[in-house]
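Colleague: The lines below spell out each chain.
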Amino acid sequence: MTDPTPTASPPLLAVRGLSKAFLGVQALDGVDFTVRHGEIHALLGENGAGKSTLIKTLTGVYQRDAGTVALEGRPIAPRGVEEAQRLHIGTVYQEVNLLPNLSVAENLFLGRQPMRFGMRFGLVDRGAMRRRARAVLIPYGLSLDVTAPLGRFSVATQQIVAIARAVDMSAKVLILDEPTASLDAQEVAVLFKVMRTLRSRGIGIVFVTHFLDQVYALCDRITVLRNGRLVGERRTVELPRLDLVAMMLGRELEAAAHRIAPPDDEREEDARPPLVRFRGYGKARSVEPFDLDIRPGEVVGLAGLLGSGRTETARLVFGMDRADRGEAMVDGQAVRLRGPRDAIRLGFGFCPEDRKKEGIVGALSVRENIILALQARQGWLRPIPRRRQEEIADRFIRLLDIRTPHAEQPIQLLSGGNQQKALLARWLATEPRLLILDEPTRGIDVGAHAEIIRLIERLCADGMALLVVSSELEEIVAYSRRVVVLRDRRHVAELRGGEVAVDRIVAAIASESVPVEPRP
Amino acid sequence: MTRSAPGPSRNLPQYGALAAVLLANWLLFPDFFSIRLQDGRLFGSLIDVLNRGAPVALLAIGMTMVIATRGVDLSVGAVMAISGAVAATLTQAGWGLAPVLAAALGAGLLCGLWNGLLVAVLRIQPIVATLILMVAGRGIAQLVTEGQIVTFTSPGLAFIGSGSFLTVPMPVVITAVLLGVTALLVRTTALGLMIEAVGVNRLSSAGAGVNTPVVLVAVYVWCGLCAAVAGLVVAADIRGADANNAGLWLELDAILAVVVGGTSLLGGRFGLLLSVVGALTIQAMNTGILLSGFKPEFNLIVKAGVLMVVLLLQSPTLTLFLPRPGPRPVRPPTPPRGKPESPSPSAGA
Amino acid sequence: MIHRFLPLLVTTAVLVVGFLLCAAQFPNFASLRVVGNLLTDNAFLGITAVGMTFVILSGGIDLSVGAVIGFTTVLLAVLIEQGGWHPLSAFAVALAVAGGFGAAMGAVIHVFQMPPFIVTLAGMFVARGLGFVLSTDSIPINHPLYAELGDLALRFDGGGKLTLPALLMLGVVAAAVVCAHWTRFGANLYALGGNRQSAELMGVPVGRTTVAVYALSGLLAGLAGIVFSLYTGAGYSLAATGVELDTITAVVIGGTQLTGGYGYVIGTFIGVLIQGLIQTYITFDGSLSSWWTKIAIGVLLFVFILLQKGLLAVWTGRGGTPAEA
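Protein chains in written order, with our numbering: chain A, 1 to 520; chain B, 1001 to 1349; chain C, 2001 to 2325.
Be a bit skeptical, because a hint or two may be false.
[Unchecked claim] If you anchor each label on the Cβ, the simulated ranges turn out as follows:
{"id": "1", "chain 1": "B", "residue 1": "N1245", "chain 2": "A", "residue 2": "D184", "range": "57 to 67 Å"}
{"id": "2", "chain 1": "C", "residue 1": "F2112", "chain 2": "A", "residue 2": "G17", "range": "32 to 42 Å"}
{"id": "3", "chain 1": "C", "residue 1": "F2005", "chain 2": "B", "residue 2": "T1188", "range": "49 to 59 Å"}
{"id": "4", "chain 1": "A", "residue 1": "I138", "chain 2": "C", "residue 2": "S2290", "range": "33 to 43 Å"}
{"id": "5", "chain 1": "A", "residue 1": "A189", "chain 2": "C", "residue 2": "L2021", "range": "52 to 62 Å"}
{"id": "6", "chain 1": "C", "residue 1": "V2010", "chain 2": "A", "residue 2": "D184", "range": "30 to 40 Å"}
[Unchecked claim] Here are some chain A residues pointing at chain C (derived, C-beta under 8 Å):
{"id": "7", "residue": "V81"}
{"id": "8", "residue": "N97"}
{"id": "9", "residue": "L110"}
Simulated from the structure, these hints should not be mistaken for lab results.
Glycine included, every Cβ here is placed at the ideal spot set by N, Cα and C.
Input sequences plus hints: build the corresponding full structure.
Modeller: Structure below.
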C-alpha cells in the first residue's frame, strides 16, 4: 500500500497535544499518540484513562478542543464516522457495529453497493456484490455463504467482516476497540492471523484490549494512558509486564502500600465454616470455573484489570448471570442461584457496577429505592407501612450520611456517591449475610469514598461477609482479608494474610498465563 | 393518592385542562353546570360528561398501570366486546345476575391473563402480544353472540347501565368504585411501588428482587378486568351486546386518556385519578364540540391536536430546549462516557 | 440456509395447503375466477400492506393507513363529483396529499424522536377527522371514467379475469420486491430496522430514510384509496376502518418481524392472500360464520409470532436471556 519506511515519510497517524473536555471534566489532556505504517499498536489504560475519548475523537464522534491530528503528514479533522472512513480511518467496535439482519455481502457494501443502470436510480447488482464480497473475504481466509445473514455467524467472523469492510473502504489506520472481549481462544487466534496479515500490508492497527497476554503476543508498540494523560509509549519487547501494569495502574512499585490492618490468625479463620462455598463455579465465555469460599466477618477482594472476569464473578455469585457449571453451597447446603430472588432469599445483596442501568430506579425517590429490596423480599401483600419506610430511609440517610434534601428526592438527582450509599442502604435494610459490591467507590468523590470504605470495615466487624470488586488496589488491600486475583477471565491467585499487598497483586496480574490452581 | 403520584403542582396541567374545557363549555352554554333531579336521577350536561366518559375512564384505570410498566394493551376494546357478549348472551339464556357478572368479569380476567403471560413469560413486546387478542377477541365475542346483536330485558343487568344509586347514574358510581378499589389495591399494598419500579427500570427492579413477571401479569389481568367492567356498563346501557362495535377504537381513547392524564408512555409514575381526569377532559371536549354546534366530525381532529401537544411536551428533543419545572439536579450531570468500557457480560439480552 | 426463509416457507405452505383443502372440499374452488376475485377483493389491502411492510421493516409502524384510505376516497369523491375535476387529476392530487401526509408523520417521528405508534395514531385521528370534515355521507362517484376503469381487466377462459385493482396490486408488489432487494433505499430500510445506531454509523441517511418510508406508506395508502373507490364506486369517510390492523396482521403472518429488520414483501402478499382465502372459504362454506375469520387470523398471528420469537433466538445464537427474578 503505502511506503512502509518510517524514517523517510511522516508517520501514518500523528496525534499531538490532543485535548478534550466534557462539562469541565478533562477527558484528554495534551495526549500524543503515533501510529506507524505496518504496526500493531496497543492502546492501554484502565477505566477513565481516555482510550474511548481518544478513539472517538479520531473517528469524528467527538470534536477535539485542542491539538492536531495528521494522517501521513496531512492534518485532518473528521466530523463523523463516515468522514473518518473517507479519510482512511476505519473502526471496529467490540459490540460489532454491523447489522446482524443483513447478509454478509450487504454488510460489506451497505451504502456503496455495485449498481447497474446508473448510480443514482439504478438497481443494485446483487451478483456483482456477491462476487466482490467473496473476493474481499478471501485474504481473511473466510469462505462462507455471503448471502446468509451476518448474525448467524460467530462473533469472530462478524469482527472479521467488520474489519474487511473497513479495510476495503481503503482504511490505512484500523482501530480495533476490544475486538477480542467476547471471543474464545480459537477465535482470537483467527483474528490475530488477520491482524498480522493486515500489518504486513502496511496498515497501522490500533488495538484496544484488556488482555495483557494478547498485547505481548501481537503488538509492536504500547501506548498507555491514565486519567486522560499520556503515561508513555514503549516498544513491547522493551517493556516488562510488571512495568506495564505499573504504568497502567499508576504507581511506583517500591512505594506500594501494604495492608493497613494486621492479618488475623489465618488458621483460626480458616477453621470457621464458610458462609458460602463455590466449587468449579463458572460460565462459558464469561469466567472460567473457580473455587471460592467466603466466611462471615470476612472481606474478600476481587482484583484484576478491567475485563479480567471480576465483575462476571460477582454477578455469578448473586445469580444475576446463571452459572452453567459447578456448585454453590450456603451454610453447607447445596443451593441453586437461578436469579437475584434466590440470592436475596439466601441473604445476599449486590450493588452492581453499572449503578444507573442495573442499580438505581431513577425516577423513584430515595426512600423508595432504599426500601425496595426489603419490600420485594416481604412480597407485595405485606407492604411496609409508610411511617416505617420513612424511619428506615431516615435512619440510613443519617447513618450513611446520604446528602439529599429529603427522602422524597428522586434518586437520579443525587450525586454518584450518594446514589451508591442509597444502594448500600437498600441492602443493609435487608440485613444481608453476604454483600457483594462491584466497584463501590467508582465515580465517587473523595469524601464519600473514604466513608464507604469505613462502612465496609464496620460491616465486616459486625459479622457480615463481603465480596468486593475494585480497581483501586490500595483500597482492596486496606480492607480485604483475602484477595482473589483474576486475569483473562481466570482466578489466577489467592492472596491471604501477609500476602495481601499491592505489589503481590500486581505481580499476579502480570504473571505469565500459567493458571494457578485455586487453593482447596 | 398524591403521595406516590407526581406532586400536586405537577398535576396542575391536568386539572387545569379539565377546568379550562369545562369553563369553555360554560361560556358557550351558561346551562352547562345546571343539574336537575328527575325521577330520582340527576340530569344535566355535567352529569352527561361523567356518564358518557365512564367507559373510557374505566379502561383508562387499567391501562394506566399497564402503561406504567412501559407496556400497552391494545386488546381492551375487544375484551369489552367479549364481556358484553358473555353478559348479554347468558342473561338472554336466563342466568341470574350474579353468575352473569361473574362470567363476564371472569372472561376479562382470562383475557388479561393471556396478555400478561405473553408479555411476562414469553417476553413478546406488549404491542404485538396484545394485538393478537385485539384481532381474535372480536371474533370470540361474535362467536359468543353467534353474530347476532343480542338484546336482553333483564332489569337487573340494565340497572348497571342506566340505573342510578343515590341519584348518581350507575356508570359513574361504578367508575368511582373501581377507581377507589384499584387505588386501594395498589397504594395500600406494595404493588404500586413495584409497578412503578418495573416501569422505570426493569433490570434494577429485578436485581432488587422484585418479581417482575408477577407484577406484569398482575397489571394485564387487572387491565382485562377493568375492560370487562367497561364492557358490562356499555352492554347494560344499550341493553344488548354488539360484538362488532362494542368498544371499537376505545383502546385508543383509553391510551389517549392516560397520556393526557400525565402518565408517560415510557413508564414509571402513574396517577389513576389523573387518568380518569384525562378521560373526562376528552369527554368534556366531545360534549362541548357537540353542544357548540360544530360538526362532531371535528372531534377527531381536536383529539389528535391534544394528543400531539401532550406528546410534544414529553418529546426528548423538545425538553432539551424547554426549562423543566421542578427541582434542579444537585450536581451537574456526569460527562458522557460514551461506550461503557467494561465488556457487558449479558450481551444479547 | 433453510431457516432464513423458514417463515416465508411456512407462510407459503399455509397458503398452498389451505388452498388445496378448499379445492378438495369445493370442486369449483380451484378456478381462475376464484383466484381472480381473491386478488381483486384484496387489492387495496395488498397495496396498503406493501407500504406497511416497508414501515415495519424499518422498525416503525403506521396506524394511519386505514384512515388515509378513507380520506382519499372522500377526497376523490368530493373533487370529482362536487369539484368537477377529471378523475386523473384528482388521483394525482390524492396521491400527493397522502404521500405528503405520510412524509409529515415521518418528519415528526424523526425530528422529535417520538414513538411511531403514537404519532401515526394521531395521524389516524387527523385523517379520519379530515375525511369527516369533507363529508360524512357516502358519495357515489359517477364519472364515466370510473365505469371504464371498472371494466378494464385481463380476461381469461372460464370467466377468470384480472381487474385493474388486481393488476395494480401485482404491479405494486413486483415493484416493491425490486425496491426492497435491488435498491439502496431497500437496503437502508433493512439496516434501519436492524439497528438504527449501527445503520447511522455505517452511513445510512437515517432521517431521509425515515421520512421516505412513511411517505411511501402514505402514498401507497392513497393508491389503495383510489383502488378502493374504484372497487366500491363511492367515497366514504368511514371506509376501510380497521385496515391498519388487517395489514399489520398480513405483514406478521407474512413472516416479517414486527420489531423490524427481517422479512419479505412477498411474504406480506402471501399473508394478504391467506386472509382472503379464509374469507373466501367461509363464503363458500355458507354455514360457517364470519367470526371464524378473525379467530383463525388471531391464531395464525399467535403461531407466527411464536415462530419468529424462536427463530430470532436461534439466529442471534444467544438463546439465553439474563437471569431475572
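Colleague: Kindly indicate which numbered hints from before are broken by the structure, ordering the numbers from low to high.
Modeller: Result: hint 4 breaks, nothing else.
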